[in-house]
Amino acid sequence: MPDTPAGTGAPAAISRDEVAHLADLARIDLSEAELDHLAPQLSVILESVASINGVASDDIPPTSHALPLTNVFRDDVVRPSLTAAEALSGAPEVEQQRFKVPRILGDEQ
Amino acid sequence: MSVSGNGGSVTTAAWLAEELAEGRVTSVEVTQRHLDRIAEVDGEVHAFLHVDAEGALAQAAASDERRAAGAPASDLDGVPIAVKDVLATRGLPTTCGSRILEGWVPPYDATVVARLRAAGLPILGKTNMDEFAMGSSTEHSAYGPTHNPWDLSRIPGGSGGGSAAAVASYEAPLAIGTDTGGSIRQPGAVTGTVGMKPTYGGVSRYGLVALANSIDQAGPVTRTVLDAALLHEIIGGHDPLDSTSIQQPITGLVDAARRGADGDLTGLRIGVVTELGGEGYQAGVLARFRESVDLMTKAGAEVVEVSCPHFVHALATYYLILPAEASSNLARFDAMRYGLRVTPEGDPSAEEVMRATREAGFGDEVKRRIILGTYALSSGYYEAYYGQAQKVRTLITRDFQAAFEQADVLVSPTAPTTAFKLGEKVDDPLAMYLNDLATIPANLSGVPGISVPSGLADEDGLPAGVQILAPALEDARVYRVGAALEAALVAQWGGPLLDRARGLEGVGA
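Protein chains in written order, with this note's numbering: chain F, -4 to 104; chain P, 10 to 518.
Check the hints yourself; a few may be wrong.
Stated by the list, open to error - Cross-link-like lysine to aspartate or glutamate pairs, in silico, EDC-like; alpha carbons within 20 Å at most:
id, chain 1, residue 1, chain 2, residue 2
1, P, Lys307, P, Asp417
2, P, Lys434, F, Glu29
3, F, Lys95, P, Glu361
4, F, Lys95, F, Glu81
5, F, Lys95, P, Glu360
Everything labelled a hint here was simulated from the structure, so no lab data went into it.
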């Protein structure tokens, strides 16, 4: 990860290797051509959004939602829901009324 | 179909509803006319990703039976509608404009869709959009862009360009859009139509495929302010299936729109936001905006200039919060339970299948934002980016609070420019993001806002829009002022703005 410009708390740009690492974390394969294309674009965007650093002082509370929210509770009662066939209707593969998935563990595990 | 059914001008949903109520026309006839219009022009406009002629006509026939029995399900029973492809429709494909959901048919209805069905509105089909609602031009749709009915070489706005273009080209009298950073209002501005983003939580998000949960909001896309209010009352109101839904009934919107159409704004304080104008705004857009402000003044309103100093940081705040939420939401597309699955050769693991699927299934803009969001949320940068953005969001909301102490509504141009050419900004993300400069603050703070056509820009003859914002839960105020401005403008023009659209002349003839 890149050096942080003093005082801003935020890096200025993003390298091709970092984009590859982030794509890995986000579980997206990217081709070499896509990496070449995306890295400079993401740097431009990041430089632009980095401008918010220093705008809010430490005592400003964060907002996570547009309107204040409190917990919403409901009674725990049975109500109509999808049938198993409906829930599985969009699945790429189904077996024994279950989602069929590729092996989970990698070779090294 | 006739586009001159309403005294020589635009056919409105309110007028169609009256015709249906009086028995002068049937829903099957109205629905068939719109299906014919779609067949005639959608090859050029490409507003629809899926048209459900059979289903719409069956719903129309059922509506006619209810009307004949004297038991309509709602005022709009039998008036057809188009739905943005980001809302789940049972039995109808729902793709969100993405390859990763190509062919997915939801086993359930979004609450908005369920309410449309319960109110008797035949669903014509699903409208085109930027992939997962990421964009301002529909050019990020995996299924090709929508074209602006004013000029087919130009963008219809986005992400809900399909809904706006469908309404602007008379393919549908009504449509549903969703607005996360302006995706209802900005397409409305550039297509000469009306778009309303309700107060956050005013319309259920259940079954709306999430882009950014804390700001997504569905709402009406129409040709008049009254039509938007009629539709809003049908789709709005509390929904126990959405825990962010406001626990209050939605009432008084139609009344407010009808009252507003009288045109009297005496005593109303209108705040012109200093930061939403000037540099970066097209001259013709600003000229139409000032003209609208003058008309509201003539109608009795008092104009005050208000400053919202943190609005200049809204775009940066949005492009941290949105990618962060989107990268998390879109993790659900894992190739396991629904949607595309791409299996690489050999004996790949679930993770390898997921990577390959997401590479093939997501477009460029979605990949950009997922990676940006992953970055903003990663350890070490969380506080510098996402944490800061959440704090600035607080400051933007405080700016709104202070401004609404000085003014009853805030106004600005909806979008900084008129419709640009297809292809012009598609590979320049930052230039594309600037389209939502004026609309984003309302999403961050949850306040309601409408875009009303303000006229044509002198330099290019293309439509522009005025945005009217009110405090949270004051949607009725937005309708009242919007209807008053609309009435004044239509009187000045001598008829609705859409009468002057010429992009479809000769198409399908």
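- Query: Is it true that the CA of P:Lys434 sits at most 20 Å from the CA of F:Glu29?
  - Reply: Within the cut-off at roughly 18 Å; holds.
> Would the pair F:Lys95 and F:Glu81 pass a check requiring their Cα atoms to be no farther apart than 20 Å?
Replying inline: Cα-Cα ~15 Å, so holds.
### Query
Does P:Glu361 lie within 20 Å of F:Lys95 when you go C-alpha to C-alpha?
This hinted pair holds, its Cα atoms lying about 15 Å apart.
* Mind checking the alpha carbons of P:Lys307 and P:Asp417 for me, to see if they're no more than 20 Å apart? => Within the cut-off at roughly 17 Å; holds.
Run the distance test for F:Lys95 versus P:Glu360: straight-line Cα separation, threshold 20 Å. Holds - the C-alpha atoms of P:Glu360 and F:Lys95 are around 14 Å apart, at most 20 Å.
The structure shown violates none of the earlier numbered hints.
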